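Number of protein chains: 2
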Amino acid sequence: MCLDFTRRTVAACLFVALSFAPLSALAQSDPQPDPLPSWNEGTTKAAILNFVAEAVREGGPDFVPVPERIATFDNDGTLWSEQPVYFQAEFAFDRVRALAPQHPEWATEEPFRTILTGDRSALANLGGDAFVDLLAATHAGMTVADFQGEVRRWLATARHPRFDRPYDELIYQPMLELLAHLRANGFKTYIVSGGGLDFIRTYAEATYGIPPEQVIGSTVVTEFRLEGETPTIIRLPQVDFVDDGPGKAVAIQRVIGRRPVFAAGNSDGDLQMLQWTTMRAAPAFGLIVHHTDAVREWAYDNPSVIGHLQEALKQAPERGWTVVDMKTDWKVIYPFEMK
Amino acid sequence: MCLDFTRRTVAACLFVALSFAPLSALAQSDPQPDPLPSWNEGTTKAAILNFVAEAVREGGPDFVPVPERIATFDNDGTLWSEQPVYFQAEFAFDRVRALAPQHPEWATEEPFRTILTGDRSALANLGGDAFVDLLAATHAGMTVADFQGEVRRWLATARHPRFDRPYDELIYQPMLELLAHLRANGFKTYIVSGGGLDFIRTYAEATYGIPPEQVIGSTVVTEFRLEGETPTIIRLPQVDFVDDGPGKAVAIQRVIGRRPVFAAGNSDGDLQMLQWTTMRAAPAFGLIVHHTDAVREWAYDNPSVIGHLQEALKQAPERGWTVVDMKTDWKVIYPFEMK
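Here the protein sequences line up with chains A and B, keeping their order.
Mapping the first sequence onto this note's numbering, position 85 (from 1) lands on 85, and the numbers just tick up by one.
Counting the second sequence from 1 gives a position; this note's numbering is that position plus 339.
Hints were generated in silico from the structure; no laboratory data involved.
Note that the coordinates shown come from a computational prediction; the quantities given were computed from them, not determined experimentally.
Cβ atoms here follow ideal geometry from the backbone N, Cα and C, with glycine treated the same way.
Do not take every clue at face value.
Now the in silico label distances, taken between C-beta atoms and shown as ranges [claimed, not checked]: (1) A:L99 <-> B:V644: 46 to 56 Å; (2) A:K314 <-> B:E516: 48 to 58 Å; (3) B:G466 <-> A:A180: 49 to 59 Å; (4) A:A156 <-> B:E657: 54 to 64 Å; (5) A:L49 <-> B:R597: 28 to 38 Å; (6) A:A180 <-> B:D472: 31 to 41 Å.
Same shape as in the complex, but just chain A (with noise of 0.2 Å):
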């Protein structure tokens, strides 16, 4: 904004300049406010804070140049919670019960059937067919517009069962401070999400600060048609790009066209977007959430469908990857926990 040389800026930056004098003069003789106040001190805390100081130290060697500060960040159990069942699961599964009237089919279709009987660990079981059956009967059909409108009235009336708050409160306080840390230092943060990319959008900029153009997730086919003098954007019940493992990598190279300097994830869904980010001569940051707090929020590694975080984990030591160990990293896993 300074550097923009016009009449108006300028006068608008010698203003705001001399409004802050003062608390500039001040804050010489006060610390630096700490950006990770929900973070425990120790080594997890010290290296993240020492990666970003030394991305920024000009003429470090370590310095990243601002147009390559990429972070990426993936989503169900890195910025919010995914137990017991991926929210967007759950989103699917409250709209076959609110759909369920206009399908008296269901009653005895699957996986309808099983959704409607509410049988939660049979809903563990359901193959791929009924994922897509899923998909079909819930997510497409539409335009991407009254899809996000969907998705805005669950949200808003939904709540998750273990702690009865809207799903969109189940987000990692300390990561938010992780997120916008990275950006108040010249990082642009990015969602690189399994989860579906309309439904992220239509929570991530309220949520988590992140615009539309840097959510990556995965996708269904979709196609433009003018009806009349509308144009619309139409999902279809097809399956285009799933955002997953290698997909993540191939999905960066693809949206961004730069490798991220700094990577997070929590399963091995993530493996090889922290390859593809930190395996290189440049500096980069890897970042495991490692789920251990069954008390706050839930402990697991190994289940079946859910976080399966073994290979990334074993690699985390030989790569130099930095694990979060919930329970003892963070002082508060939620920002409800604060109020």
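Using the hints, position chain B against chain A.
Frame of chain A, contents of chain B only:
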């Protein structure tokens, strides 16, 4: 920058503000410099300047908030020339000539035989199969990094048959000024091209000031591979997505997730991008570059292959799209004319 309340930034703002205070005083008496000096005065230039002025006028009826200031530009024929054939095709032909010694069979195999004869008229008649064979032989089977290295070497050595200049000098000076003017007013400028994503990214930042993450293009299927300790992204000989026609609207939604408020193109391949951008209540601007200058560039809008512009031109009046008449609206075509 000036709104970032850190000691260092405020100090910097204060310095900058004070340094340019005299300059700003001067500016009060001086008229603002023309942001589009290579555009002749007239309705086209006036329409562009007026749209941008209204988009940034807070409180005005056509004000556009900064995050919504998305401008999308086609590349071939809109930002640089595309005759006598798309420049990326010239790259492919040159690659075939360079690789021919290792492929004696190409002396009899099409499309390689025709390419090696250099018969341009015959080249124009190569069909879709030829395109796929050419893609496989010249654009695939290597890492993205290696491919971009080839493109860089080609741009540094190849010369356009008519102008005997590097291809990246055949860019439109008036469009460079338009891109800069939009960015100076808070617009995020994107390329949305039927051309290859990795091809365009090799020169878009240096040539147009458009970073890799703001380039949308056609793609081949890519694959992540960990070769020993080296992660790579390999380009496979298989078309993934063709970013043309309705595909442009689809890709804009998928990659950006916002509808642009400004779109510029030059062929019917840009029709749906123009419709998606402008057919709504919100303020928006559609621009068509009409190639009308056979002396300084080329005059065409209805060829068999390149730059077919009929339907978009027909819809322009009813849709309120602004049509650039190259011959009368542009003082110069290429930057080198100014030297």
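Outcome of the hint check:
A hinted range of 46 to 56 Å holds for the C-beta pair L99 (chain A) and V644 (chain B), which are about 47 Å apart. Checked against the hint of 48 to 58 Å, the C-beta distance between K314 (chain A) and E516 (chain B) comes to roughly 55 Å, which is consistent with it. Separation of G466 (chain B) from A180 (chain A) is about 54 Å and conforms to the stated range, judged on CB atoms against 49 to 59 Å. Range check, A156 (chain A) to E657 (chain B): Cβ separation about 39 Å, and the 54 to 64 Å hint is violated.
Judged by the Cβ atoms, the range 28 to 38 Å given for L49 (chain A) and R597 (chain B) holds: they are separated by roughly 34 Å. Our hint of 31 to 41 Å for A180 (chain A) and D472 (chain B) is violated, since their Cβ atoms are close to 51 Å apart.
Going down the numbered hints, you'll see the structure goes against 4 and 6, while the others check out.
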